[in-house]
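Student: Spelled out, the chains give:
Number of protein chains: 2
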Amino acid sequence: MDDDTGTLPQKGNFSEWYNDILWRAEIMDVRYPVKGLYVWYPYGFAIRKHVYTQLRNLLDRDHEETLFPLLIPEQEFMKEAEHIKGFEDEVYWVTHGGTTPLEVKLALRPTSETAIYPMYALWLRSHADLPMKYYQIVNTFRYETKQTRPLIRLREITSFMESHTVHATWDEAEAQVEYELTLTREFYDSLCIPIIISKRPDWDKFPGADYTMAVDAIMPNGKTLQIGTVHHLGEHFSKTFSITFEDKNGEQKFASQTCYGISERCIAALISMHGDDKGLILPPVSAPVQAVIVPITIGKRHEDVLAAAEKLKNDLIAAGFRVKIDTRDMRPGAKYYWWELRGVPLRLELGPRDLDAGKVMAVKRTGEKTQIELATVTDEVTRVLGEITEAIRVRAEVHTKSHLCTVASMDALDAALNEGKVAVVSWCQHKGCGDVIEEKTNASILGTNARSQYVSATEGICIVCGKPGKATLVGRTY
Amino acid sequence: MDDDTGTLPQKGNFSEWYNDILWRAEIMDVRYPVKGLYVWYPYGFAIRKHVYTQLRNLLDRDHEETLFPLLIPEQEFMKEAEHIKGFEDEVYWVTHGGTTPLEVKLALRPTSETAIYPMYALWLRSHADLPMKYYQIVNTFRYETKQTRPLIRLREITSFMESHTVHATWDEAEAQVEYELTLTREFYDSLCIPIIISKRPDWDKFPGADYTMAVDAIMPNGKTLQIGTVHHLGEHFSKTFSITFEDKNGEQKFASQTCYGISERCIAALISMHGDDKGLILPPVSAPVQAVIVPITIGKRHEDVLAAAEKLKNDLIAAGFRVKIDTRDMRPGAKYYWWELRGVPLRLELGPRDLDAGKVMAVKRTGEKTQIELATVTDEVTRVLGEITEAIRVRAEVHTKSHLCTVASMDALDAALNEGKVAVVSWCQHKGCGDVIEEKTNASILGTNARSQYVSATEGICIVCGKPGKATLVGRTY
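Residue numbers (the working numbering), protein chains in the order written: chain W, 730 to 1207; chain H, 730 to 1207.
One should not assume that every hint holds.
If several chains are the same, the list does not tell them apart, and a pair holds so long as it fits within one copy or across any two.
As the list claims (entries may be wrong) - With a straight-line cut-off of 25 Å between C-alpha atoms, the simulated PhoX-like cross-links for lysine-lysine are:
| # | residue 1 | residue 2 |
| --- | --- | --- |
| 1 | Lys1160 | Lys1150 |
| 2 | Lys1064 | Lys1040 |
| 3 | Lys1130 | Lys977 |
| 4 | Lys1199 | Lys1130 |
| 5 | Lys764 | Lys808 |
| 6 | Lys928 | Lys1196 |
| 7 | Lys834 | Lys764 |
| 8 | Lys1093 | Lys977 |
| 9 | Lys808 | Lys1093 |
| 10 | Lys1150 | Lys875 |
| 11 | Lys968 | Lys1199 |
| 12 | Lys982 | Lys778 |
| 13 | Lys834 | Lys1160 |
None of these hints come from the bench; they were simulated from the model.
Let's have the full structure, built from the sequences with the hints guiding it.
Tutor: Here's what the structure looks like:
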């Protein structure tokens, strides 16, 4: 959409690289004339489609998709006290229809508890209706006053998956929290994004939750990005919105609830985790184009090669791959640059000599070249795409592992953070010591109960007060 | 979600039938606490998913999907004079972020021309970029003051497909209008919904269009429902938003544009056109469950029959069908009623005697019973579902044809409209005569250039003034 002038900054300058890759690879256009609102280019939207198809496939195992209204009447929005406190500064209000002031102000959903739960109160009657597990993928709105960033901090979150479940007991809801964490792990695993799960400290939990489990990824600059949260809501909302059911003994009980969210930050993580100095690197599952065929037609074998390339494309499409053929009138090198920038996992170069040998050159975006047989090309492409996925995964794991460490003192913590690392420390879980840790290091306590295969989280003494503590993740965050 | 108390009104009482079917078949919940906003139940949302997959597949042939912001700053929204006039009374305005008044008011898109075209002005540079063909499927908002109706007249249109194309010349844009009409015909044909295409009179065209082609369906009560529009925008918006390109001679030219919309009214038409006194009838392509298996397990062959039913389900799912098995502890009759209400096209009844004979009873929702061989069941189900689609199509065509006629006088027009018909008359195309027709018959001029295979549209003399006229559709509309 824009002329390819200049070059992509090196990924070492992550912030510049990120801003640049978004338009160079045609993911988001940031020139929309309202702060914090961005436009999905078709290529970016195609990535989004494949990523959200992954997410839907996982959720559809035991949730059902629904759709609730965007506009929430003020009286519903204002019902749950903690929830209001958490959101009131950042809610957009619709006050007029045409030139007429509305009788009841309408909030643009910042999240949909207060839109969905009045309906759940109508839907739930008996224990036989439980559990209820519904989700929706919608646009939500936050009047962000901090610096906005495409895909990361938005005023319109365009792609918010929110799941809302209802259960007979607190324990069943807790089991659902665990289940949704496994879904989240499976989702990010399919995108080759290593995650760290932890339990947010009380002051950072979702407004109206008993507790919040959060999922973070470590970005290239060592900052963590929260890319998913699962909340145990207990009976906070069921009491506010009268979500009750008749149990087996004929008694009315309040239900226990969970909610669970993933936004387009999953795509910010995808781009950031895997890209390199040449551009995007997309795991095949998320790539709008999994393989691009570049016919090399120097001289007289032009028609032969084009016909063979066309046949190759059709064979691969018939086998279920997403494939394009690039016949533009450009130098091959310029085409390679173009598709590498856009993260296409596999390039297939086909010239007269390859054709004569019954082969095609397979160039992985992750950096290896091999010849593969045309006769068995669909099997070979399956194999090579699998190898690319593995290479992407390993690279992301190495990055994540190298940015995690365990430290035992404030000085060591500060040093680790300054090296761009996320550290496990021992903390007594008192707010006072938490404040000391956060203020002295200019970092955040991500959470306790850290779950990561990349770092050990053993208990020790609090690095502030010396009392018994719990393993706690500390990092600088987006 | 609700107890199945009472019975569905007869379809002859269409308005009551429509309101009732929405909750009985679990499509929409109308109890959301804001007028004109409704909730998609999971089953309704699944229908929506299959219908919009059809639409996306058609559009993706030569359009690309994108996503633009919901919020439009006042200064952009107010740029095109005719457009504003058409929408200013029904735009919702966001005026506050938190408790802070916004510096610039933000409109909730009623349609996205003014969100998209400032970006098109940036994207378009040269003739080589043309044509541009993008679409999005989004929620849009209208502050409706008329009576609202689920899926038909909404304050939040949840599922608005809007396509926006840009072309080098007016004629190319005209050709695109025709192409999008063929896409629309193909879309509705896949849903077995007969349509009538006509050119709306000037006073009813899209605000800012050169002309509007509209697509109507005739509902069971004879009223027409507009279920799609394609607009030739000429250079109205390209001049307002500076959407220009350098042509082959190096000159800057204004582009010509089209836009094209289909909303969830397509689902209102689907439900209304095909349903009957027993409930929904879904064409297989749109059915969340295409076949339901009901095992009949009286007596001792219980396990055998259940195992065979399970195998049947797995075979059909493996062949790509959407299938459920109903093993609930209910009488078979109650199960039949349940699935008929929800419009499942095919019921497969499997009992011990069927099993012994290697057969299964196939009951079409359109009303025939035949035994089919288990040995060739996937082929047979393909065939039977095809027959069901055809039966649905024929029924809808008979309905549409019987509600169309040609008349030659005001009296005959009035009589035809009172019989619930849509009539073709001859009209001189002057507003004065148009007003007479509309006022005297309490109906609307749908449009000229009527295209329908179900009624002839020949020219004659205007039924008001007697001067030469053009064939014109007149009907009572939603």
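Student: Checked against the structure, which of the hints given earlier come out wrong?
Tutor: 3, 8, 9, 11, 12, 13
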